[in-house]
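J.: Spelled out, the chains give:
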Amino acid sequence: MNHLVIAPLLLPLLAGVALILLRGSAAPVRQALSGAATLAMVGAALALLFRVSNGEVLVYQLGNWPAPFGIVLVADRLAAVMVLITALLAANVALVTVRGADHAGRYFQVLFQLQLFGLNGAFLTGDLFNLFVFFEVLLIASYGLLLHGGGRDRTRAGLHYVALNLIGSTLFLFAVGTLYGLLGTLNMADLAQRLAELAPADLGLVRAAGLLLFVVFALKAALAPLHLWLPGAYGHTSAPVAAMFAIMTKVGAYAILRVYSLMFGPDSGPAAGLIDPWLLPLALLTVAIGTFGVLASQRLAQQAAYLVMASAGTLLTAFGLGDGAAVAAGLYYLAHTTFAAAALFLLANILGKARGAVHDRLVAGPELPHGQLLAGAYLLIALAVSGLPPLSGFVGKWLILQSSLGSTWMPWVLGVLLVTGLLGVVALARSGSRLFFEIDPAASAGAAPRLGDLAAPLLLVLIGIAMVVYAGPLYEFSQAAAQQLVHPDAYLNAVLQAGGRVMTR
Amino acid sequence: MEALISIVVGVLTACGVYLSLRGRTFPVVLGLTLLSYAVNLFLFVMGRLTTGAPPIIRDGATEYADPLPQALVLTAIVISFGMTAFVVILALRARAELGNDHVDGEESPR
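First to last, the sequence lines map onto chains G and D.
Counting from 494, one number per residue, gives the positions in the first sequence under the working numbering.
Counting from 30, one number per residue, gives the positions in the second sequence under the working numbering.
Derived from the structure by calculation, the hints contain no laboratory data.
Here a beta-carbon is modelled for each residue, glycine too, at the ideal position from N, C-alpha and C.
Among these hints, one or two may not hold up.
Short derived list, chain D residues pointing at chain G, Cβ under 7 angstroms [said to hold, decoys possible]:
1. V57
2. L59
3. L64
4. F71
5. L101
6. A105
7. I106
8. V116
9. V117
10. I118
11. L119
12. L121
13. A123
14. G134
With beta-carbon atoms standing in for the labels, derived distance ranges [said to hold, decoys possible]:
15. G:V708 to D:F115: 40 to 48 angstroms
16. D:Y47 to G:W891: 45 to 53 angstroms
17. D:L78 to G:A540: 46 to 54 angstroms
The task is simple: from the sequences and hints, build the whole structure.
T.: Structural data, given as structure tokens:
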């Protein structure tokens, strides 16, 4: 067995446990440990990605129990690239937290590492109940991170977020229980195989369970009409946490992609195409509602939160189109939007501190120290977020639009994405002119921004620029990953043969 | 027996949904708890109802109870227990910081 598969899980878990034991030690010790673990995770994720880039699907049987009786971790191209995106994002967020953003509490780094453990677990697991457990791990860490620092708005948003996610967990368990009761297995590859031989009498129950799962994943991915928790939760939490949460809606999108390509994909027998009538229209609705929120926002962090929602809608539009080219475009866009949204959250915090009492509210404020530098950073990040050339957002959106050309939904996809794209540009340009050009002489500026704080958002932009320079190879990789999803035979073979069984589908 | 368990799960779920839609944090916490009770019971009976059947292989046994749902429900109980403790603390903190126990932090205008 290849122990590389479990390395992205063990690193943050062990670091998190060590950080609990070291809670009395000096802050630099904890920050160094957390930073080193995050950097090691980037290394492990890169190694894993190179290992699976030839198309091999690595299966890791926990406790050496053969699948489907034991729990397996599965690393294919998609899982490896999601782990790498998480690791790169985490490294940049760690750069912010070690510069003092974690001073509000001594458990910040613990929660941060456990959040990474939950995220990587959700991406790598091959078992449906295990997916639930990792969702809970990442959620409970996110509850702690979200509330970190306290405050009225944060507590209120946190209460909504926690209650909604607890209901989501309950629905997840109902769906998992129904699937187990009907099919007698929880291994996703085994479930896929048994769904193909489903008795017609059970079809209704399986469809109900599949749609319940869709509700749960849609809640995580902030798909309309289950998006209402997102603007409050993301808009009111602290900047590094909001930046880290840029990957959280992508966990929902990943779960939709994984479960529905594997278990309810086009070749999966009687229950095939279960969510096809729902996903694409709801995703387009999400983009539209998110863009209205962007236009109506009063604060930059809130605007960034609505931009996350609109980008989640764009991503699910690509996944909803469903063919290989669209999924590949979606994967490229997923990486781009995670980094761009995180950069915007981090910059909003820097601007908010520099603007003193008006914080990041979109009203006339004081003249900023280093105003030109901050405005330049804002311009770069706004270009990336809104999908204008020459940055990665443009390439991602262009690929999605191109992949929709052959679909019957083409007019809707083109219309919604282009109009909302224009509105997004208008909103970000208006925010920029409010923040940098409208000067209120009476307002006093806050502390001068430390230029080192700009390192993390600019590094994230740099990753975006690298994604444009290497767009060709990256898109080829996305296509290969999408092919593995659209034709999941390699995944099914790898998991079931590791358990000594022969695939019959 | 199956009918009785189904009714219990249904009643628990209905009460849980009703309570979690209320406007105060205490009924919402109770509702979330009832929902987790309902789903734990539901997971448990997904292994089918058996009486006196061993869950592991034993000589001479002809009928077995499914051990997996018992393991699953144990995990689910632990998780929901921890989450309930967390949401109770969060509700108390919201009461302290917001000055009332409404889920939106302010009394709705009547």
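J.: Does the CB of A123 of chain D sit less than 7 angstroms away from some CB of chain G?
T.: Constraint on A123 of chain D satisfied, holds at 5 angstroms.
J.: Under the criterion of a CB-CB separation shorter than 7 angstroms, is L64 of chain D in contact with chain G as hinted?
T.: 5 angstroms, holds
J.: Hint check: is the beta carbon of L59 of chain D less than 7 angstroms from a beta carbon of chain G?
T.: 12 angstroms, violated
J.: G134 of chain D was flagged as interface toward chain G. Is the shortest Cβ-Cβ separation under 7 angstroms?
T.: 4 angstroms, holds
J.: With a cut-off of 7 angstroms, does the beta carbon of L119 of chain D approach a beta carbon of chain G closely enough for the hint to hold?
T.: Holds: closest Cβ of chain G sits about 6 angstroms from L119 of chain D, inside 7 angstroms.
J.: Against chain G, with CB atoms and a cut of 7 angstroms, does the hint on I118 of chain D hold up?
T.: This interface hint is violated because 10 angstroms lies over the 7 angstroms limit.
J.: Tell me if A105 of chain D is really an interface residue toward chain G, meaning its C-beta lies closer than 7 angstroms to one of theirs.
T.: 6 angstroms, holds
J.: Is the shortest C-beta separation between F71 of chain D and chain G less than 7 angstroms?
T.: Given a least distance of 5 angstroms, the restraint on F71 of chain D holds.
J.: Can I106 of chain D be said to touch chain G, with a Cβ gap under 7 angstroms?
T.: 11 angstroms, violated
J.: Taking the CB of V708 of chain G and the CB of F115 of chain D, does the distance hold inside 40 to 48 angstroms?
T.: Taking Cβ atoms as reference, V708 of chain G and F115 of chain D lie about 23 angstroms apart, which means the hint is violated.
J.: Mind checking the CB of V117 of chain D against every CB in chain G and telling me if the closest is under 7 angstroms?
T.: 11 angstroms, violated
J.: Can the suggested window of 46 to 54 angstroms be confirmed for the beta-carbon pair L78 of chain D and A540 of chain G?
T.: 48 angstroms, holds
Checked against the numbered hints above, the structure violates hints 2, 7, 9, 10, 12, 15; every other hint is satisfied.
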